[in-house]
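Could you put together the complete structure from these sequences and hints?
Here are the chains, one letter per residue:
2 protein chains.
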Amino acid sequence: MTDESTSPTQDSSESEIDAGTEREPLFDRIPRRDFMKAGAAAGAMGSLAGCTGLLNDQDDGLAAAGDVDASVPPGEHDDYYAFLSGGHSGEIRVYGVPSMRQLMRIPVFGRESARGYGYDDRTSEMLDESGGYSWGDTHHPRVSQTDNDYDGRWAFVNDKANGRMARINLKYFETDAIVDIPNQQGTHGACCLLPDTKYVFGVGEFRVPMPNDGQDLTDPDSYTSTIAAIDPETMNVEWEVLVDGNMDNGDGSKEGRWFFATGYNSEHATTESEMSSTDTDWLKAFDVPAIEEAVENGQYEEIGGVPVVDGTRDSDLNGGDRPIVRYIDVAKSPHGVSVTPDNQYAIASGKLDPTASVIDIEQLAEVDDPNDAIVGRPSLGMGPLHTAYDGRGHAYTTLFIDSQVVKWDIEAAVEAEAQSEDPVVEKIDVHYNPGHLIAAESYTADPQGDWLISLNKLSKDRFLNVGPMKPENDQLIYIGDDEAGMQLVKDTPSYAEPHDASIVSADKIEPADIYDPEDYDEEFVDHGESDIVREDGQVHVKMYSTRNEFGFQEVTVQEGDEVTMTVTNIEQTPDILHSLAIPEHDINLKLAPQETREVTFTADEPGVYWMYCAFFCSALHLEMRSRLIVEPAE
Amino acid sequence: MTDESTSPTQDSSESEIDAGTEREPLFDRIPRRDFMKAGAAAGAMGSLAGCTGLLNDQDDGLAAAGDVDASVPPGEHDDYYAFLSGGHSGEIRVYGVPSMRQLMRIPVFGRESARGYGYDDRTSEMLDESGGYSWGDTHHPRVSQTDNDYDGRWAFVNDKANGRMARINLKYFETDAIVDIPNQQGTHGACCLLPDTKYVFGVGEFRVPMPNDGQDLTDPDSYTSTIAAIDPETMNVEWEVLVDGNMDNGDGSKEGRWFFATGYNSEHATTESEMSSTDTDWLKAFDVPAIEEAVENGQYEEIGGVPVVDGTRDSDLNGGDRPIVRYIDVAKSPHGVSVTPDNQYAIASGKLDPTASVIDIEQLAEVDDPNDAIVGRPSLGMGPLHTAYDGRGHAYTTLFIDSQVVKWDIEAAVEAEAQSEDPVVEKIDVHYNPGHLIAAESYTADPQGDWLISLNKLSKDRFLNVGPMKPENDQLIYIGDDEAGMQLVKDTPSYAEPHDASIVSADKIEPADIYDPEDYDEEFVDHGESDIVREDGQVHVKMYSTRNEFGFQEVTVQEGDEVTMTVTNIEQTPDILHSLAIPEHDINLKLAPQETREVTFTADEPGVYWMYCAFFCSALHLEMRSRLIVEPAE
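Those protein sequences? They're chains R and V, same order as listed. According to the UniProt record's numbering, the stretch in the first sequence is residues 1 to 634, in order. According to the UniProt record's numbering, the stretch in the second sequence is residues 1 to 634, in order.
Since the hints were derived computationally from the structure, they do not count as laboratory data. All of these numbers come straight from a predicted model, not from anything done at the bench. Where is the CB? At the ideal position from N, CA and C, for every residue including glycine. Be careful, since some hints might not be right.
Incomplete in silico selection of chain V near chain R, CB under 7 angstroms [said to hold, decoys possible]:
#1 ARG101
#2 ARG105
#3 ALA177
#4 THR271
#5 ASP491
#6 TYR495
#7 ALA496
#8 PHE552
Beyond 10 angstroms from chain R on every Cβ pair, some chain V residues (computed) [to be verified]:
#9 THR278
#10 ASP360
#11 VAL539
See below:
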């Protein structure tokens, strides 16, 4: 089937495009750069790979139909920030869309020397206090919202490897808090409760004994999974809910009531074949106000320092009248779940079943049997995983096994019989095996409806061979033209292993150019304030840095001294960074304008060490260095 | 002045381009993708920013002059690999040119979890044995050559922070050797002696006491710098040469005799102002066969286990008849040096002087006073740093202070008066403050002459704001059309801090798709060969991995056991990777097809830990996990 918005009569020679009658003209919704003149409308089903950026060599002045201009000429800015997770690289990456250029890397769960992350006392203590691990496994970067729209405050991301959640400060594009979530292993999903990001949820995938201290080792039935509600301001775990089965992905509804989580192991199994044995598993709907009420009423057990509320099926909180978790039977080993922009539906994909399940959020509150809230179950293709939205009534779902993205009509799926393929509008091949996909502002109440990125796990031979470890392939697809259909625009190789992303309009984030010293505790060391304080084998060196010098041309300490260096970059000019790198001492402090960092180390090897600036800061950058002189102990 | 190749008479409506009469037609040298029809030849001096990839909206079928097609449509491959250093990120990055897409990251001097680098026993021992540092500062990636052309064997890169040199195996695109260079601090330059990469040279920038063990701390005159000659096969430091002054960049000549190194501190100073006080410093020319002869004759002192030859000006090796190091006076604080493709000249840039010095390599061997080998000294602009070549007689030099790349005619510079600006052909603005630049195969005897990358240290506001730490900007410039002039094609944001790059034709590197188990010592564990061997508190777990399982569904050990896990990915299919991630144990082994890795750890916390695969390998990837059960000690 096709819905009316995909089949308007249209003059093919017309340069303006109208997506239909019931929505604002599409032309107002496409990227601000010139959208090229579309000629004859192309068939919608095929991939129009290979057409982007090619210069027109036709003589008629009309480019081929379906071509899209995704170029961002030198010096021009992208329309969107995309925040991609970095998987087991432990980082977040910031891309520009539509250029797909990587603008920045933000280390989160591991040390990173170019940014000095984990090299100064503050960030190394943060990493130590959250477990002391050297890496993490980031999956789901979500950006904070207010009133269901991006507010530019924070991004959050999980660590599946070590059960943690991190917060990234979008004023400075740096990780500023990490919480080690008690009672949870394999924290997989990460997402916000809307409209105002009241909580960030960590979703536990791996069922383990609770507490996991050596008890119940071989009794899988006693293992548990939890969701954890984290306060985004304090990064404190406010409460957890313990459930039957396990969970992986989640999404919050937009009116503040529901949090949804899929799970593939309702079997409580410990092997792959047993985990996949039943034909349905659960989509769990957490009734947040009911949980808060239970916590308020003391209906919890404190485990690992956190109130844990019983959300199993046998739980009789509220006398069973208003279960705090509703278990919805959906097919099979559901993976992705996301709430539609209008907050009407939660859509969970089958993974091992070709269908997605459409749950009516309003009905969910009213029905006795939560399965009665399933109002649609379209058949989409093999291996449906994750779903994004364009704000025009379409859903876009990745088909992992088919290596496709399928576009389908949500209302048509509600109207159609279960397992009907009629709601499918079109499919496009992607290369290859997509996991997540993300459309511009898909997680908000008002998606932009222009760009979509398919995060494909395999690239095979799409790029120059770089050895046995291939890049993944994040493909940019234009979805702004329902008439021409989805258009593959760019292949983007990406380092292992982005799982998910959020795309945010450029004007909704306002990063700082220089640091505000008021934001941090370190002592600002201004020009003329450099100082060395010695006391009992402790040496505190305070020095400024600027083009092209550090506050001291030499610093002399004794072998065995514990040395603290507090260093400020006193520059006021944006983009003039310095660092303090100390050879053979494993130290590199990154110092952006007006930033102060502090590092403590033991000077244990006599000798001369040239402390230097590792950011190329001026023509005399190489000469910007000072001697650390470590005198031998007597 | 302009040389004849830049001013041929040409019909501006002609679509074929001829660069002149003395070289093969330029059209044969441009990228294999369609080069768009150039209309009227544009003026050469301006930056033609903003024209790339834009679809033609003119009705005459002719695009604007100077447009270049640098797009690589989805699924098509780039023409070149570019190996960029990652500065104090400690890594190497592989880009495709002309797409400027990052194809891969290769961790070198620091652990990196996505690749499991530094997480298995072999690579973590390599990092430990080369100093145990967690980071490095990579500057100069150079690719091995045979007969003055890339041979696809290795790349090499320095660590300025800790005085090391690393080798990257281009069969697997992974670091396979690191040597800690004795007697050297601030190893800056890294480059190969041609034609056949007999040595890789590490160039010491920071003058320090030798040995640096607490002696001579405050006697800078006694400090020394060295160059180190490293055997590329064994990565053994064969010999070093100790010099007056310091050094930073270097380049080897193509007939195997000379190695050139610049230096900015002939003053032997310790402060920036003193280092910059004299109007000339030295370009040093190391006579490699003469040094080898001195080593052979025992004319060295062994320091730090390495033969160190005296290359100071007072050295009387060979009775002064044939000095092993020639000190050439060039202006001022010279930074970059590179040898022309025809091996006729070494060109050193002034950094604090607008001129470059052109040294005739043949004359250098003949003259008594090495300054007599300076045959040209063109005035290029403010802050000349590094020079690349197109193989058509032009040099391209970055002007750090002017934020430009200047194209100049080498022979014209030899013919002109010193400090003449006449050899300058044109300048193009770059954004901003370029350090290195690199042209395709510029380091070989036969550069490709099409693409050039300017590695600009600052991007200021060229990209969406990502906070106080901005990306750098690696700009792609088309240099294949002498008539149209240099054309700025792409801005590429890059993470801190690429210093230098090598660009290699795609067909000269042939990476493997899967591992050859013969290449490594680890024991291959095939299907059916999983095994657990226990002895005296040591547990050796051997297991295969494949879609979607590990060799064991559970592994039980005792608290306190030392556990070694040897894990093989038995897949034969390219691009199907697995990993072994162990929560709360800080372990992640990357396992490409047919790869075996081994990790040893102590199981010190009782509990259940779900070992899982962190590479999304199949629809049942999430279910690919096994329990590590750590039983409490009695």
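Status of the hints after comparison with the structure:
Interface hint status for V/ARG101: upheld, as the beta-carbon distance to the closest one in chain R is roughly 5 angstroms, under 7 angstroms. Interface hint status for V/ARG105: upheld, as the beta-carbon distance to the closest one in chain R is roughly 5 angstroms, under 7 angstroms. At a threshold of 7 angstroms, the smallest CB-CB gap from V/ALA177 to chain R is about 16 angstroms, leaving the interface hint violated. Nearest Cβ of chain R to the Cβ of V/THR271: about 5 angstroms, under the 7 angstroms cut. The hint holds.
Nearest Cβ of chain R to the Cβ of V/ASP491: about 4 angstroms, under the 7 angstroms cut. The hint holds. Because the smallest distance between the Cβ of V/TYR495 and any Cβ of chain R comes to about 5 angstroms, under 7 angstroms, the interface hint for this residue holds. The interface hint given for V/ALA496 is met, as the beta carbon of that residue sits about 4 angstroms from the closest beta carbon of chain R, less than 7 angstroms. For V/PHE552, the shortest C-beta to C-beta distance to chain R is roughly 11 angstroms, which exceeds 7 angstroms, and the interface hint is violated.
Distance check on V/THR278: its Cβ is at least 13 angstroms (rounded) from any Cβ of chain R, clearing the 10 angstroms threshold; non-interface status holds. With a least CB separation of 27 angstroms from chain R, V/ASP360 remains clear of the 10 angstroms interface cut-off, as annotated. Interface exclusion of V/VAL539 from chain R stands, the closest Cβ pair being 16 angstroms apart, more than 10 angstroms.
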